[in-house]
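Undergrad: Listed here are the chains, written in short residue letters.
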Amino acid sequence: MSKHKLTQLKALEAESIHIIREVVAEFRNPVMLYSVGKDSSVLVHLARKAFYPAPLPFPLLHVDTGFKFKEMYDFRDAFCEEIGADLIVRRNEDAIGKGMNPKEFGVARCCGALKTSGLLDALEEGGYDAAFGGARRDEEKSRAKERVFSMRDEFGQWDPKSQRPELWSIYNGRIHDGESVRVFPISNWTEMDIWSYIRDEKIPIVPLYFAKERPMIERGAMLIPYYEENKDQYLEGEEPTMVMSRFRTLGCSPCTGAVRSDATNMDEIVIEAAASRRSERETRIIDHGSNSMEDKKKEGYF
Amino acid sequence: MTKYNFELTKEIELLRLVTVGSVDDGKSTLIGRLLIDTKGAFEDQLMAVRKKKGTTQISSAAEIDLAMLTDGLSAEREQGITIDVAYRYFATPKRKFIMADCPGHEQYTRNMVTGSSTANAAIILIDARHGVLAQTKRHTHILGLLGIPHLIVAVNKMDLVDYDQGKFEAIREEMQAYCAKQGIKDLICTPMSALTGDMVTIRGDKMAWYEGNTLLETLESLSVLDDIDEKPFRMAVQLVNRPQTADLPDYRGFMGTIASGTVKVGDAISVVPSGLSSTVKEIVTFDGNLEEAFAPQSITLTLNDNIDISRGDMLVHTGESTSGEKLLSANVCWIGDEPLEKRKKYIIKHTTRQVKAVVDEVNFKRDIHSLEKEAASELAMNEIGQVTFKLQQPLNCDAYTENRGTGSFIVIDSFTNNTVGAGMVI
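In order, the protein sequences belong to chains S and L.
Using our numbering, read the first sequence as starting at 19 and increasing by one per residue.
Using our numbering, read the second sequence as starting at 203 and increasing by one per residue.
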C-alpha cells in the first residue's frame, strides 16, 4: 500500500489547481466569474493557491443584476479589497433602466436579460477568451454532462451534442478566433465537499449562509427573504414573519429561498448538509420554470 | 440510512469509477440504485422523476424513472438514449466516488474513452439473459488498453433468469477467457439485480450460492492508488511563476502537477529535454513550504540555480530521465469524425507540451472480436490500432503501462481544433 496518500478533498484541490494553471498557460485573456456565493469563494481560494506567492493573474468579473442581497455587495467589496483582487462589475444597464424585474416580466426573461445577456455582453466587451465558472456537476442534470473545458461558439452558446472528448488530465485549449471556453475547475466537487473545504480551510463566506432570525415571506414550502426595498416584488397579502433560517445558495434576493435552520457555524452547516435530503438548487426559482437549465446554458448562461 | 461520519471526511479517499454497458443492460437502474441506497440523489430530484404523480415518498427504485434521473439532455429524453458521459457523485462512510456514466450506443464509444481515461475501476454491465456481446468485448478491450486497474463485471438482471448460477458461471468463464487473452488480471464478477438491489448494496436471499462481495463492498475495498508515488519523479512544467513584485523581484517558481513519484528539498533535478540540472531549493505551496511532495499534488518548485526552464519542459530526478524520440509509436483509439490517415498532419498534446506530428505508419488495427491484428492504412471513428507518428520535436514519454500521466497524449486536428485521438505510448 502506498505510503503517500491524499485525502479526497486534497485530491480535488490538486485537480482544480492543475486546471486553473492550464487555462492561464494556454489562453490569452482569461477572467474568473465571481458570483459572491460559496462556490465562488472556493474557486477564488483555489486560484490564489494556484499562483501563490504571485497575485491572481486575471480579474474577477461580477455580473450584477442589482437584485443581489445587500450582504453580498458588502462582502464582495471587503473580500476583494482584502485579497487585492482586480474586481470588474458589469450590469445590463439598459434592461435595469427599463425596470426589468422577475415579478412583472417573469423569471426566465429577467434572468435572460440581467444574467445571460449581461454576462455575454461583459465577456465580449472584455475580449475574454476563457471564463472560469464555479458550476458543479452535482448541481443539476445538464451540468452533469458538461466538460471541464466547455466550448462556446461566437455567440457564447453551448452545443451539448458536440462536446470535445476530455481525456486524462490533458485539456485541449485550442480555439478559433471568436470562440471562447468556459472552464469549470470545481466540476467534480459536491455541495458536501464545498462546505467541508470551507470549514477546513477557513474560507470567508457571506454571513447569509449562517442561520439567524430573519424576516421571511412564507410562500408554500418556500421561505423568501423580506426586504423593505423589494416590497413591490411580493404577492398581495404576503407579510413577513421572523424565521430562524439560512441560505444554502445565494442568487438574486427576489428569487432565492432560504431554509429553516439552526446551523450558526461551519461545523453545524457541514452536519446539516450531510443530513439534508433536498438538493440546494431547490431554493432557486430559476431552475423550476419551463425554461430548463439546459436551454439557458445553450443560450449562454453559465 | 448511510451514516456520514464527519470526523472521517478529512480521511476518506477518492475512487474514480466508470460504468459501461450496452443499451438496455440496466445501467441507469444500477446507477439509480447506488444513488438511492447511498443517499447520493436528493428527494426533490427523485420526486421530479417519479412515475406516478401522486407518489409522495420514494422508497424503491421501481417507483421512479431512473433513466430520467441520469439522462440530463433533452435530446436524450426525446430519443430515449444516453448520448453523453454524465458524472455522478456518491459517498459512503469509507469513500467518495466519482462515477462517469458512459453510454452504450455504438457511435458514442468516444465518450466511453473520455469517461474511462481517469478511472481507477470500471463496472462492465452485462444482461444475464443476453450474455457477452460484441459491444461488451469492445468496451473491455478499450478498458484494458486504458489500463484501468480494476475491472468489475456486473452480471445484471439475474431476477429475469431465476437467479440461475449456471448462466452466471458461463458469462464469468467467457469474460475471464477474453480478459486473459489481453493480459487483464484483476477481474471481479458479481451476479446482481439492480432492480431489487440484490448483491448491489444488499446480499438478498436469492443468490446464496455466490460467496463474493456485493458490488458496494467491492467498491469500498478496492485499492485506490497504484504505486504511482513509487515510480520515477515526473513533473511537467505548466507555468513559470515570476511575480516581479517589490517583495519578490527575482523569484522564479516552476508550477506543475506531479505525475508520478516524490520530490524532496535538496534533490538533484534535471530538465528534459535540455539536460540542464540543479537542486530543489523549496517546495512552495499556499499552505507553507513542504519538505516532500508526491503525486498527484499541484506544487511550485524553486531551484538553487538560475537555469532556463519553460512550459512544456519536464522535471525529473537526475539520472532518471526518459529518452526523447522523434518517432512515437502508440496504441490509438480514434474518436474523430474524419479517419486518421497516413501522412496527415496533426497536433499532439503530451503533458503540457504541444508538437506537430505526421502519421508515419498505421502499423495495424485490431479486430475487436478476434483481437487479431489487421493491416490498415487508416483508422475510422471508434477503431483502435497501433500508429507511428513522426514528430517535429522529440517528446519525452514513458510507456503508458508504466506511467499513465507521461505515457498518454491526445491527438488534435489542426484544422478543426477538435480532439480526435487518444494515444497510449508503447
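In short, the hints are calculated from the structure, not lab data.
Among the hints, erroneous ones may be present.
What the hints assert, rightly or not - The calculated DSS-like cross-link candidates involving lysine-lysine, where the alpha carbons are at most 27 Å apart (straight line), are:
#1 L:Lys433 with S:Lys23
#2 L:Lys433 with S:Lys220
#3 S:Lys28 with L:Lys558
#4 L:Lys483 with S:Lys28
#5 S:Lys67 with L:Lys466
#6 L:Lys433 with S:Lys28
#7 L:Lys466 with S:Lys28
Keep in mind that this is a model prediction, so the values were computed, not measured.
Undergrad: What are the numbers of the hints that this structure violates, sorted from low to high?
TA: The structure breaks hints 2, 3; every other hint is satisfied.
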